[in-house]
Amino acid sequence: MGRPRAFDEDEAVRAAVGLFGGRAYDGVSVDDLVSHLGVHRNSLYKTFGSKRGLYLIALRRHLADDVRPLLDDLAGASDAASALRLVTSADLGLLLLAAIERAPVDEEVASEVTAALAAVDQAIADALGVPADLATALTAAALGILLRGNPDHAATALAQHLGPLT
Amino acid sequence: MARIRIDGDDLVVVIEGLDKLWAFKSSLTIPLANVRGATADPGITTDPKGIRAPGSRVPGVITAGTFHQDGETVFWDVKDPSKAVVIELADEKYARLVLQVDDPRATVALVENSLA
Numbered sequence: 000m001g002r003p004r005a006f007d008e009d010e011a012v013r014a015a016v017g018l019f020g021g022r023a024y025d026g027v028s029v030d031d032l033v034s035h036l037g038v039h040r041n042s043l044y045k046t047f048g049s050k051r052g053l054y055l056i057a058l059r060r061h062l063a064d065d066v067r068p069l070l071d072d073l074a075g076a077s078d079a080a081s082a083l084r085l086v087t088s089a090d091l092g093l094l095l096l097a098a099i100e101r102a103p104v105d106e107e108v109a110s111e112v113t114a115a116l117a118a119v120d121q122a123i124a125d126a127l128g129v130p131a132d133l134a135t136a137l138t139a140a141a142l143g144i145l146l147r148g149n150p151d152h153a154a155t156a157l158a159q160h161l162g163p164l165t
Numbered sequence: 000m001a002r003i004r005i006d007g008d009d010l011v012v013v014i015e016g017l018d019k020l021w022a023f024k025s026s027l028t029i030p031l032a033n034v035r036g037a038t039a040d041p042g043i044t045t046d047p048k049g050i051r052a053p054g055s056r057v058p059g060v061i062t063a064g065t066f067h068q069d070g071e072t073v074f075w076d077v078k079d080p081s082k083a084v085v086i087e088l089a090d091e092k093y094a095r096l097v098l099q100v101d102d103p104r105a106t107v108a109l110v111e112n113s114l115a
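Going down the list, the protein sequences come from chains A and B.
Take 0 as the starting number for the first sequence in numbering that gives the first Met the number 0 and just add one per residue.
Take 0 as the starting number for the second sequence in numbering that gives the first Met the number 0 and just add one per residue.
Hints in this document: simulated from the structure, not taken from any laboratory.
Among the clues, some could well be false.
[Stated by the list, open to error] Computed list of lysine-lysine pairs in DSSO-like fashion (alpha-carbon distance at most 30 Å, straight line):
| # | chain 1 | residue 1 | chain 2 | residue 2 |
| --- | --- | --- | --- | --- |
| 1 | A | Lys45 | B | Lys82 |
| 2 | A | Lys45 | B | Lys48 |
| 3 | A | Lys45 | B | Lys78 |
| 4 | B | Lys48 | B | Lys82 |
Take these sequences, add in the hints, and give me the full structure.
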């Protein structure tokens, strides 16, 4: 009741991005949040409402902090190879986990994930001047390569095979 | 043990069995607009709970009733910590409810999905 929050909300959310991005939603208990975020349990509930409430805020923070800069970088991509390189080297841990783990069971997560991936598609389409569906295919390939642990030369081989796109 | 259902625009909590004696309550009706979220939280039972009045606390057996801590009023009805769910409220007598339910995951989904 009107007591000042004894923790840095911004820092706590950033720490939650790391936890959820590293261990997935189901792998993080409230005990984990309490011990890693430096937040008392009661403050956690009072501030975020629920674990899912915190997760949604953390996901949006990840999109703003980690995906947004990727979009800016993609705007400067000159060819498919550089677009692939930018996506495969980005920190997209929480986005990928959200897409697999939470989007199928949580509509709000699904719409955030869909919008974020569409933004990546759009950034690639705009930068390379390619049709939207081709940009989507490039994003999909890049995310696949990222999920595979960015195996040597996969992105290069794909880009070489594609050749000039426009 | 508590049974939780959504009835129109309300969250209805029914305290079952003898728990309603210990808890001094048999049901609670909360407008969904005042429900902020639900979380499965087995660890909460090991936290300090504050001062009880009215209700029962037999450590290690049952925590039921109204507890006061840090200016907050919290309603508890938990015997089995592994099935504890925390429902956070706003603009209600209780700041939160800590309830034992049959299926915490299903209860959390039910409540979270019913919030706008």
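Hint-by-hint comparison with the structure:
Under the criterion of a C-alpha separation no larger than 30 Å, the hint pairing Lys45(A) with Lys82(B) is consistent with the structure, at around 21 Å. With a C-alpha separation of about 15 Å, the suggested pair Lys45(A) and Lys48(B) falls inside the 30 Å cut-off, and the hint holds. A hinted pair counts as satisfied when its Cα atoms are at most 30 Å apart, and Lys45(A) with Lys78(B) qualifies at roughly 24 Å. Pair hint Lys48(B) plus Lys82(B) holds up; C-alpha atoms about 17 Å apart against a cutoff of 30 Å.
The structure shown violates none of the earlier numbered hints.
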